Amino acid sequence: MDVLMYIVAILAIGLVIYMLIRKADIKITLFGTGIILLYIALLMGRGFEDKNILNPLHNVIDAFKSILPRAGFIILILGGYTSYMSAIGA
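Using the numbering used here, read the sequence shown as starting at 9 and increasing by one per residue.
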């Protein structure tokens, strides 16, 4: 079973490389590949307590909810710092 997971991971990396060579949008490619890998993990019986078909999308939503507030605060600090430096002419 673990060998199958490694094979799927290598195929996913190959898919991302192929899409990069074709100049596809990297954000959509990575998101789609991640969702596919989450569904494969769900089908193999790994990673989730309940077997809800929408659970991988729920995990993505939870990840965004936990990461974006911190990133937004950092962007706010950096934006304030750059505007302050522009105001004093530095």
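Bear in mind the hints are in silico, worked out from the structure with no lab data behind them.
Since we're looking at a predicted model, the values are computed, not measured.
One or more of the hints may lead you astray.
Just the calculated beta-carbon pair ranges, DEER-fashion [what the hints assert, rightly or not]:
| id | residue 1 | residue 2 | range |
| --- | --- | --- | --- |
| 1 | Leu86 | His66 | 43 to 49 Å |
| 2 | Ile44 | Gly97 | 25 to 31 Å |
| 3 | Gly40 | Ser94 | 34 to 40 Å |
| 4 | Leu19 | Ile75 | 22 to 28 Å |
| 5 | Arg78 | Leu23 | 27 to 33 Å |
| 6 | His66 | Ala95 | 39 to 45 Å |
| 7 | Ile75 | Ile21 | 36 to 42 Å |
| 8 | His66 | Ile15 | 34 to 40 Å |
| 9 | Arg78 | Tyr26 | 28 to 34 Å |
Note that beta-carbon positions come from the ideal geometry of N, C-alpha and C, so glycine has one too.
Hint check results:
no., hint, result
1, Leu86 - His66: 43 to 49 Å, "violated (31 Å)"
2, Ile44 - Gly97: 25 to 31 Å, "violated (51 Å)"
3, Gly40 - Ser94: 34 to 40 Å, "holds (39 Å)"
4, Leu19 - Ile75: 22 to 28 Å, "holds (27 Å)"
5, Arg78 - Leu23: 27 to 33 Å, "holds (30 Å)"
6, His66 - Ala95: 39 to 45 Å, "holds (44 Å)"
7, Ile75 - Ile21: 36 to 42 Å, "violated (23 Å)"
8, His66 - Ile15: 34 to 40 Å, "violated (27 Å)"
9, Arg78 - Tyr26: 28 to 34 Å, "holds (33 Å)"
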